[in-house]
Amino acid sequence: MRNILCFAVGLIFGIGLCVSGMTHPDKVLGFLDLAGAWDPSLAFVMAGALTIGFIGFGLAKRRRRDMFGAPLSLPDRGAIDRRLLLGSAIFGLGWGLAGICPGPGLVDVGFLEPRALVFVAAMAVGMVMYNLAALAGFRARPIQQDA
Amino acid sequence: MTNDWAHFTPASALGGGALIGLAATILILGAGRIMGAAGILGGALAMRPDDMEWRLSLIAGLLLAPTVMMLFGAADRPHFDASWPVLIVSGLLVGFGTRLASGCTSGHGVCGIARLSPRSLAATALFVATGFLTVFVVRHAIG
Numbered sequence: 000m001r002n003i004l005c006f007a008v009g010l011i012f013g014i015g016l017c018v019s020g021m022t023h024p025d026k027v028l029g030f031l032d033l034a035g036a037w038d039p040s041l042a043f044v045m046a047g048a049l050t051i052g053f054i055g056f057g058l059a060k061r062r063r064r065d066m067f068g069a070p071l072s073l074p075d076r077g078a079i080d081r082r083l084l085l086g087s088a089i090f091g092l093g094w095g096l097a098g099i100c101p102g103p104g105l106v107d108v109g110f111l112e113p114r115a116l117v118f119v120a121a122m123a124v125g126m127v128m129y130n131l132a133a134l135a136g137f138r139a140r141p142i143q144q145d146a
Numbered sequence: 000m001t002n003d004w005a006h007f008t009p010a011s012a013l014g015g016g017a018l019i020g021l022a023a024t025i026l027i028l029g030a031g032r033i034m035g036a037a038g039i040l041g042g043a044l045a046m047r048p049d050d051m052e053w054r055l056s057l058i059a060g061l062l063l064a065p066t067v068m069m070l071f072g073a074a075d076r077p078h079f080d081a082s083w084p085v086l087i088v089s090g091l092l093v094g095f096g097t098r099l100a101s102g103c104t105s106g107h108g109v110c111g112i113a114r115l116s117p118r119s120l121a122a123t124a125l126f127v128a129t130g131f132l133t134v135f136v137v138r139h140a141i142g
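Respectively, the protein sequence lines represent chains L and W. Using numbering that gives the first Met the number 0, read the first sequence as starting at 0 and increasing by one per residue. Using numbering that gives the first Met the number 0, read the second sequence as starting at 0 and increasing by one per residue.
Hints are computed from structural coordinates only; laboratory data are not their basis. Hints are not guaranteed to be accurate.
[Said to hold, decoys possible] Listed below are several chain L residues computed to face chain W (Cβ distance under 10 Å; list not exhaustive):
| # | residue |
| --- | --- |
| 1 | Phe12 |
| 2 | Thr22 |
| 3 | Leu33 |
| 4 | Gly55 |
| 5 | Leu92 |
| 6 | Cys100 |
| 7 | Ala135 |
[What the hints assert, rightly or not] Cβ pair distances, simulated, as ranges:
| # | chain 1 | residue 1 | chain 2 | residue 2 | range |
| --- | --- | --- | --- | --- | --- |
| 8 | W | Glu52 | L | Gly77 | 44 to 50 Å |
| 9 | W | Thr66 | L | Ile79 | 19 to 25 Å |
| 10 | L | Leu58 | W | Asp80 | 25 to 31 Å |
| 11 | W | Ala73 | L | Arg81 | 29 to 35 Å |
[As the list claims (entries may be wrong)] Chain W side only, calculated, beta carbon under 8 Å to chain L, not exhaustive:
| # | residue |
| --- | --- |
| 12 | Thr24 |
| 13 | Ala45 |
| 14 | Leu70 |
| 15 | Trp83 |
| 16 | Val109 |
| 17 | Ile141 |
Built from N, CA and C at the ideal position, the CB exists for glycine as well.
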């Protein structure tokens, strides 16, 4: 049951990305190109997602357990540290280069787009490099807490 | 339904965004997890047998979304301009950076901000700003 629910979540998430246009790298780059013909669509995607998300996470705040009785896995309210800032800057650089972030990258693989597959394969290598570096012990917090 | 993606598309952006928010809501209330694409894939790549199934199920849903769109005659194939080397460098940076920052556009940008997490607000502000700067340099300074 839990797996079916997660599959449905992936499907709705993916359809949302398709409908919103965020599966198109040029549309994402259109948002990031402030000095060009700026396309504010991505901000509207965020507004739509956050409107529903505020309600959903507002409800989640009052709950301790999920539908299957397991505790909710919410990240700790940690400090804004160097890892967060350095990681976000590295991510933003990569995002600006090709206009693809992890969710849309995966959906675009579902279009059987070879360039998306190359991007996602490189992204997976980057993630494994991080996992290995974390295992090697640069003061990693537990990986399962991550968003 | 084929949108003119080259221009501002407010209605489909809001509607698609709402679906993304709905998916995140179902996941946190139903299975108690944060819907962050980078965290879900990165965690799956850590290959812990007891923490794999839900991740792979969700990723399968993402991969099949275009097929569902095609069934409704609404699929728009993405178009990629970036060269192969740029795609590889970009992928490596996105993969490593999102894991180091513990989140990406969905994990920090949607779920984290919806939870009013100061960490996620800072992360989102920084990766959007770095994205702006990168595109400016690539398209207008050296482009």
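Now the hints, each set against the structure:
1. Proximity of L/Phe12 to chain W holds as hinted, the smallest CB-CB distance being about 4 Å (cut-off 10 Å).
2. At a threshold of 10 Å, the smallest CB-CB gap from L/Thr22 to chain W is about 5 Å, leaving the interface hint in force.
3. With a cut of 10 Å, the hint placing L/Leu33 at the interface with chain W holds, because the nearest CB-to-CB distance is about 5 Å.
4. Taking 10 Å as the C-beta cut-off, the interface hint given for L/Gly55 holds, the closest approach to chain W being about 3 Å.
5. A cut of 10 Å between beta carbons decides the hint on L/Leu92: the least distance to chain W is about 5 Å, and the hint holds.
6. Below 10 Å, beta-carbon pairs count as interface contacts, and L/Cys100 has one with chain W at about 4 Å; its hint therefore holds.
7. The criterion of a C-beta within 10 Å of any C-beta in chain W is not met by L/Ala135, whose closest approach is roughly 14 Å, and the hint is violated.
8. The hinted window of 44 to 50 Å between W/Glu52 and L/Gly77 is violated, with their beta carbons roughly 28 Å apart.
9. With their beta carbons about 40 Å apart, W/Thr66 and L/Ile79 fall outside the hinted range of 19 to 25 Å.
10. Under the hint 25 to 31 Å, the C-beta atoms of L/Leu58 and W/Asp80, about 41 Å apart, miss the expected range.
11. Distance hint for W/Ala73 and L/Arg81: a CB-CB separation of about 43 Å, inconsistent with the stated range 29 to 35 Å.
12. Among the interface hints, the one on W/Thr24 holds; its C-beta lies about 3 Å from the nearest C-beta in chain L, closer than the 8 Å criterion.
13. Given the 8 Å rule on beta carbons, the hint for W/Ala45 holds: about 5 Å separates it from the nearest Cβ of chain L.
14. Against a cut-off of 8 Å between C-beta atoms, the interface hint on W/Leu70 is violated, since the closest Cβ of chain L lies about 11 Å away.
15. Given the 8 Å rule on beta carbons, the hint for W/Trp83 holds: about 6 Å separates it from the nearest Cβ of chain L.
16. The interface hint given for W/Val109 is met, as the beta carbon of that residue sits about 5 Å from the closest beta carbon of chain L, less than 8 Å.
17. For W/Ile141, the suggested interface contact is broken, since its CB lies about 12 Å from the closest CB of chain L, more than 8 Å.
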